[in-house]
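Turn these sequences into a full structure, and let the hints guide you.
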Amino acid sequence: MLEQLSDRGPDSAGVAFYRDPAPPGWCKVSLHSPSAAPEWEALWGELEAEFGEASTPRIRATHAVFTIAAEAETAEVWLLEHHPELTLMSAGRSIEIYKEADLPTRFVERFALGEIAGTHALGHTRMATESRVTTAGSHPFSTGLDLCLVHNGSLSNHNRLRRTLQREGMVFRTENDSEVAAGYLTWRLREGASLEEALEGCLDDLDGFYTFAVGTADGFAVLRDPIACKPAVMAETDEWVAMASEYRAIAVLPGAEDAVMWEPAPGHVYSWGTASLVA
Amino acid sequence: MATPEVIREAVGSFDLAIDTVRELNAALHGDGAPGRVVVRNPGGRHAIAVGLDAPYEVEIEGHVGYYCAGMNKLATVRVRGNCGVGVAENMMSGIVVVEGSASQSAGATARGGLLVIHGDASARCGISLKGADIVVRGSVGHMSGFMAQRGCLVVCGDAGDSLGDSLYEARLYVRGSVAGLGADSIEKEMRSEHVSQVGELLARAGVDDVDPGEFRRYGSARRLYNFHVDNLGAY
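Note that the protein sequences, when read in sequence, are chains Y and G. Just so we're aligned: the first sequence equals residues 3 to 281 in this note's numbering. Just so we're aligned: the second sequence equals residues 407 to 641 in this note's numbering.
All the given hints hold, so there is nothing to weed out.
Facing chain Y, according to a computed beta carbon distance under 7 Å, are these residues of chain G, among others:
no.: 1; residue: H469
no.: 2; residue: G471
no.: 3; residue: S528
no.: 4; residue: A529
Hints in this document: simulated from the structure, not taken from any laboratory. Ideal Cβ placement from N, Cα and C applies to all residues, glycine included.
Here it is as structure tokens:
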């Protein structure tokens, strides 16, 4: 699907996979290293020393995934303090995020995405409009434990909203407008909103164009701005449900020709796997 | 010069899993006598059968991407599936039939011909319509008929919000509910000539199970643009 939409977004590509949930009391983290020769084995040793147990790093290109015998928040704090050179791409029990500033086709090859299987995934190809083409500026953006966001569009009030959220203690690493949307959702969820409430809040608090897809532990949600400037199409069969900017990406799925298809209505939150949405 | 039969054979069938869209369109733009052309495995590709200028009969077996049958002139293009953004954009004449649903901006700026959508059309159907007719068997999304200048949009189902915003002299006929009218868009009296017009368009579209008498008409209040009755003939 990413390769199909390579020409829509040739700058960068990224994907969030949901698979192999960590056992209770454990967490899974995805890390990115800017180093040409990241010392993942050494980090593994440190994690074992700190938390007692940690899985062998599963390395893909510039990223590595660790499963650690600790709560996600604890591991996050430790990593931030001891390894500020690393970027925490995602944390949770089943999410893994990989993203890079690269042509989608090359990204899929470099990260050997073809061999990954999971329950669901979100992908994104980027054509930058609002900020630089970097790994950190690529999608998906983590928005909390087992949550992530991909965005098509551009926000016009992201600078003001970023300052507001910074006063609430949110930390941003780029000038990217989508990161602000992700930060907004993280903040609303932290303040006790359900994901559905947080997404509905976007309709009031975000200016600009957006089609959002949000990955959750057991499903995903979709929201388009009230004008529906940016495209989106949904398709569903007995076997799968898929969402994309356009049908070309869905056409490669088995049985796509006969799938039930529709366009999500503007300003309406759609969700699959609702358990996590109302929790 | 080759006989028409030979040329028809040459352009008769394309499989877009093998052939490129460019090859298809080049053949349809060629000097050959127009005939029936079947396109298989469209796979949501963009710009299929665009810019035709001869009475071809193109049949597309599946879902197409953006701008299918754009700028169509004289040809009949039938899509046995759904369409992406901008089907029949700026059509000049001919007929485009979508058996499934169409995405945004269907028939945008179309100047002539007939666009028939048997499913639904999403937002901005018939935006800036300039003289073509559009018949939608299902419903249309918000901002349909935005700034439409001339021609008819016939909707057998419902219309989304802001129908006919900033409308000029196009006629909008809706059988179901209208979520809301746009700026300067008002309901107008449905006189007998309007019922006849809807009946004729439905007949041309092959929709025979809908009563033309059930439609309501919407048009411009003519307060927003510089309407002058002397210019009526221009629309």
